[in-house]
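Engineer: Protein sequence lines correspond, in order, to chains U and W.
For the first sequence, the numbering used here assigns the number 5 to the initial residue and increments by one for each residue that follows.
For the second sequence, the numbering used here assigns the number 5 to the initial residue and increments by one for each residue that follows.
Each statement offered as a hint is correct.
Any copy will do: because identical chains look the same in the list, a pair fits if it lies in one copy or spans two.
Derived DSBU-like pairs (lysine-lysine); straight-line CA-CA distance at most 35 Å:
| # | residue 1 | residue 2 |
| --- | --- | --- |
| 1 | K238 | K92 |
| 2 | K89 | K65 |
| 3 | K238 | K373 |
Hints in this document: simulated from the structure, not taken from any laboratory.
Read off the chains here:
There are 2 protein chains.
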Amino acid sequence: MVRGTLLVVAAAAGAASALWPLPTGLSTGTKALTLSSHFDIDTSAISNPPQDLLDAITRTKGFLKTDQLQILTVDRGASFAPQLKTAKSLSSLVLSFDKGHSGKVTSISEEALDKIENRVEGYSLTVPADGSAATIKANSTLGLFRGLTTFGQLWYDLNNVTYTVESPIQITDGPVYAYRGFMLDTARNFFPVSDILRTLDAMSWVKMTTFHWHMVDSQSFPIEVPEFPELSAKGSYGASFIYSVDDVQNIVSYAAARGIDVLPEVDTPGHTTSIAEAFPEHIACAFATPWASFANEPPAGQLRFANADTANFTASLISSISSRFPVNMPCYTADEQTQADLNATGKTFNQALDTFMQGNHAVLESSGKTPVVWEEMVLEFNLTLSNETIVMVWISADDAAAVTSQGFRIVRADSVAYYLDCGGGGWVGNDPSDNSWCDPFKTWQFTYTFDPTANLTDAQAALVIGGEQLLWTEQSHASNLDSIVWPRASASAEVYWSGFGGNDSAALPRLHDLAFRMTQRGVGAIALQPLWCALRPGVCDIDA
Amino acid sequence: MVRGTLLVVAAAAGAASALWPLPTGLSTGTKALTLSSHFDIDTSAISNPPQDLLDAITRTKGFLKTDQLQILTVDRGASFAPQLKTAKSLSSLVLSFDKGHSGKVTSISEEALDKIENRVEGYSLTVPADGSAATIKANSTLGLFRGLTTFGQLWYDLNNVTYTVESPIQITDGPVYAYRGFMLDTARNFFPVSDILRTLDAMSWVKMTTFHWHMVDSQSFPIEVPEFPELSAKGSYGASFIYSVDDVQNIVSYAAARGIDVLPEVDTPGHTTSIAEAFPEHIACAFATPWASFANEPPAGQLRFANADTANFTASLISSISSRFPVNMPCYTADEQTQADLNATGKTFNQALDTFMQGNHAVLESSGKTPVVWEEMVLEFNLTLSNETIVMVWISADDAAAVTSQGFRIVRADSVAYYLDCGGGGWVGNDPSDNSWCDPFKTWQFTYTFDPTANLTDAQAALVIGGEQLLWTEQSHASNLDSIVWPRASASAEVYWSGFGGNDSAALPRLHDLAFRMTQRGVGAIALQPLWCALRPGVCDIDA
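Produce the entire structure from the sequences given, and follow the hints as far as they go.
Structural biologist: What follows is the structure, encoded as C-alpha cells:
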C-alpha cells in the first residue's frame with residue numbers, strides 16, 4: 005500500500021471536477037467531447053463477462069441518460085454551447101483485462117467477498133478527445149467496475165447534450181486503503197430493505213468496500229435466524245420489522261454485485277437484551293432498573309458468557325457473523341448466575357470472557373471469515389486473539405497507537421470524526437438540557453481533514469487498513485437516513501481511496517457535484533452550502 | 005388571553021395520547037369505540053358550507069382511512085381486540101356553529117387571513133361512548149376546522165379496525181396564543197412548491213397559524229415580481245428556481261384553506277445582494293470582498309436606502325410584503341453613494357433609515373397589512389414605528405423585555421430555542437473546525453421547556469402574541485426539509501396553543517404518536533428515540 009499526498013497533486017490540476025473519490029493518477033485536457041446517442045459499452049474483449057458486470061454496465065448507461073447533472077457554474081454550462089456544437093462525439097467505451105490479469109474471469113461479487121487483503125481494485129481509464137473509443141483496463145472484474153463508476157461521473161448535461169470539457173482524460177487509479185466502509189445500526193430503529201439497497205448504491209458510487217451491518221442490539225433483534233426463530237419473533241419490533249433470510253441474502257448479493265462486502269455484526273456479550281425476549285436464561289440483568297446503573301442506554305441486559313450453555317448458544321448463533329463486545333461490569337457483578345458460573349469454573353471474569361471469545365472466533369475462522377472486534381477486547385480485556393483479527397478503533401487516536409502496537413490491523417471508526425449521529429441532541433427522556441454525548445456534529449470538512457495516521461509510527465500506520473463512518477440510529481429511521489449520511493459519508497470514502505492529504509477547500513466543489521449527482525439518482529443528499537456558493541467555488545471560503 | 009398551566013392538568017389525566025397540541029380542556033373515558041365503515045361527517049346544520057371546509061372534511065375522512073396508526077404499546081393494541089369486538093360504532097360527526105356565531109358564514113381562508121387579533125379558533129368536540137353522533141361546535145369556520153384536526157388525531161388502527169379506547173371524549177379547546185408559526189428561508193436554497201405545500205399540511209395538523217416565508221435574501225431572489233421581472237430573471241438560481249405569480253397565489257390559497265396566513269418577507273435594506281443582479285444601482289457593496297468585512301455571510305450587499313430612487317424602488321417592490329432590516333454599518337460607511345445621499349439630504353444614517361422604513365410601512369398599512377420587523381429596528385435603530393407593528397425577537401430574552409417595554413407586540417423567534425438549523429456544523433468553506441454559530445442543536449425538549457414569558461412582567465407578557473421555529477437553509481434543501489423540521493417544529497406549536505407549563509416527559513409519548521402519524525401522511529418526521537422507548541412511555545427517561 006502506498007499512502008501519501010497524491011490527492012493534492014491531482015487537485016492542483018483543477019480538473020475532473022465531478023470525480024469522487026479523486027483518482028490517484030489523473031490528467032485532463034481542455035477539449036469538449038459529447039456522448040453519442042449511439043454510445044455503448046463494449047465487452048467483446050472479455051470472454052463470458054460475468055452477469056454482475058453486465059448489470060453494472062446497464063446501470064452505468066442508465067445513469068449517463070438520467071443523471072442530467074448541470075455543471076456547477078453560474079451559467080450552468082451555457083457558455084459551452086458553441087464548443088459542444090463542434091465537439092467530437094464518443095460512441096464507445098471498451099472494457100478489457102490488463103496484462104496482469106490471471107486469465108480466470110471472476111465476478112464482481114466473488115472478488116468483493118474475497119479476503120480484504122486479496123482484493124484488486126485498480127484500473128486505468130482513457131477518454132481520447134478525438135472521438136475514438138474510450139477504454140477501461142484492469143486486472144480484475146472489480147477493477148473494471150471501479151473504472152465504470154468513475155466513467156459515470158465524468159459527464160454533465162446541457163440541454164440534453166451529455167458532455168465533458170476536459171478531454172482527453174487519462175486516469176490510472178487504485179485505492180490507498182483496502183477497507184472503506186459505512187456502518188448502519190438497524191436495531192435502535194428499523195430500516196426497510198429498500199433503504200439499505202439504496203444506501204448500498206450510494207456507497208458503490210464512492211467506491212466503498214464494506215457495509216458494516218450492526219444488525220441487532222439491546223433494543224431489537226430484527227434478523228431471522230432459522231435455528232432460533234424465536235429471536236426475531238419475540239425480539240424484533242414486530243412482524244414487519246424483521247429481515248428474513250431472503251432479505252439478508254438479497255442485501256448480501258446486492259452489495260456484492262456493487263463491490264461491497266457485508267460485515268454482519270451481532271453484539272455480544274453486551275447489547276443483547278433483545279435476546280432475552282426469547283431466551284431469558286442467557287441474559288444477565290435483563291431490563292434491570294435503573295437502567296443507567298447497568299447499561300449506557302436502555303434497556304440493560306448482557307449475555308451470561310460465563311455459562312457453558314450460553315456460550316454454546318452464542319457460538320451457534322454467530323456461526324457466520326462477527327461480534328462486538330462492550331461489557332458493563334456492574335451488570336455481571338450483580339448477576340448471581342454469572343458469579344456462580346465463575347465460581348464453579350474457578351475462572352476470573354476476563355478468563356471466562358477469553359474462553360467465550362475464542363469459541364466464537366474459532367467458529368468464524370473455520371468458516372473462512374475474518375473476526376472483527378471493537379477495541380475494548382484488546383485494550384480493556386486483553387483477550388487472546390488471532391493475528392487475523394481486525395480491530396475497530398472508535399474511542400481515540402491514542403487507542404489506534406495502542407492497538408497497532410500489539411500488531412493488530414485496525415479500522416478507524418473514531419467517534420470524534422466518524423460518528424454521523426453526533427450533534428443531534430440528547431434523546432433520553434425528560435432531560436431538556438441534554439446534548440449529544442459526542443457533540444459537536446461531525447462536518448464533512450472535519451472528517452475529511454482527520455488524519456488517520458497522525459501520531460502513528462510507520463509500522464503502526466502500516467496496520468491501518470482503512471476507515472468507516474457510522475450511523476447509530478437512536479434518532480434516525482427511514483425518514484432521515486439519506487440526509488444524515490449523504491454526502492458526509494463520502495468524506496472518508498475519499499480519504500481512504502485517494503489517501504489523506506487533500507484540503508477541504510479544493511474538495512468542496514467536487515463534493516457539491518457528488519451530492520447533486522446523488523440527488524439526481526434518488527439519494528437525498530443534503531445541501532452543504534447555499535447554491536450561490538456551490539456555483540462559485542472558493543467565493544464562500546472564510547477568507548474570500 | 006389566558007396563559008397558564010392547563011397543559012399539566014390535562015396531561016396528568018394520561019389521556020388522549022395522540023393529541024398534539026394538547027387541548028386546553030379535555031376529559032376522556034375508558035370505553036372502546038370503533039369508527040363505522042359508513043362513517044360520515046355531517047354539515048347539514050350549516051347553510052352553504054364554504055368549499056374549503058368541505059375540502060377539509062374530505063381530507064379528514066381520507067386520513068381516517070389511510071393513517072392506519074398503530075398504538076404505541078408493546079403489543080401495538082392486540083390486547084384491545086376483545087373490547088373492540090363488542091364496542092359501539094361511531095357513524096357520524098356533526099358540525100355546527102355554536103351560540104356565539106355571528107350568523108354570517110365565512111370560509112376558513114377568509115378567517116385565516118383576518119388580522120391576527122380577530123381570529124376565532126376555539127371549538128368544542130364531543131365523542132360519546134354509545135355510538136351516538138359526535139359533534140364539533142364552534143363560533144367560526146376556523147374553529148370547526150381546528151376541531152376536525154383534533155378529531156383526526158383520536159384514532160388508532162388494529163387489523164383495519166379504526167378505534168379509540170378513551171371514549172367518551174369531551175374537549176373544549178382554544179389557543180392560548182394567537183401567533184403560532186414556522187419560518188422557511190427559500191433564498192439560501194430553493195424549495196419546490198410541492199415541498200412548501202407539504203409543509204403547510206404538516207403545519208395545519210399542529211394548528212399553526214402563520215407561514216413566515218423568508219422569500220429572498222442576498223443569495224437569490226426566487227420570487228417573480230411582475231413589475232420587476234428582472235429581479236427573479238437575473239437574481240434567482242435559474243429558471244427552474246423561481247416562484248411564479250401563480251405559484252405564490254397557489255401557496256397563499258393552499259395555506260389559507262388550512263387556517264394559515266402567509267407572512268411574506270423581503271429582506272431590506274440588508275440581505276439584498278441578489279437585487280444587484282438586475283438593479284446594481286440600488287445596492288451598496290454588491291459582492292464586495294472580503295465578504296466577511298461587509299456581511300455576516302457571503303455575498304455582501306445592501307440597499308442604498310438613503311437614495312430617493314432606491315427608496316421609491318423599494319416601496320414599489322414591497323407594496324404587499326413585509327420587511328426585515330438587519331444592517332451592516334461598514335458596508336454603508338464604505339459606500340460612496342450612500343455617504344453622498346446622506347450629505348445631500350443632511351440626514352443622519354438613522355434618520356434616513358427611518359424615512360425609508362416609514363415609506364415602506366405606509367405602503368403596507370394602506371393595503372391593510374400589519375408590518376412586522378425584526379427587533380434591531382426597535383432596539384438598535386430606534387425607528388418610528390406604528391403601534392400596529394409586530395416585532396420578531398430573535399436575539400435574547402432580555403430583548404423580549406426591552407421591546408415589550410416599548411409597548412410593541414412581539415413574536416418569540418429566539419435563536420437559542422427556535423432556530424432549527426443550529427447544530428449542523430459550519431458551512432463556510434475551508435474551515436474544518438467550524439461549528440454552527442448557534443450550537444448546540446435545538447432539541448424538541450429544549451424548545452418545549454423554553455418559557456416564552458420568563459422574566460417578563462405581566463404587562464410585558466401580555467404583549468407576547470406567540471412564537472415560531474425557523475429554518476435558515478444554508479445547509480438544507482428539499483432532501484432534508486422534513487427531517488430537520490418535523491416533529492421538532494411541533495414543540496412550539498403546542499407551547500403556543502396549549503400554554504407553557506407542560507413537561508417534556510409527559511409530552512414525549514404524544515409527540516412520538518404525532519411523528520408517526522406525520523410519517524403515515526407522507527411527511528418525513530424523524531425518530532426521537534429507539535422504537536423500543538417509544539413503545540414504553542417513561543422507561544427511557546433519564547431516571548427510569
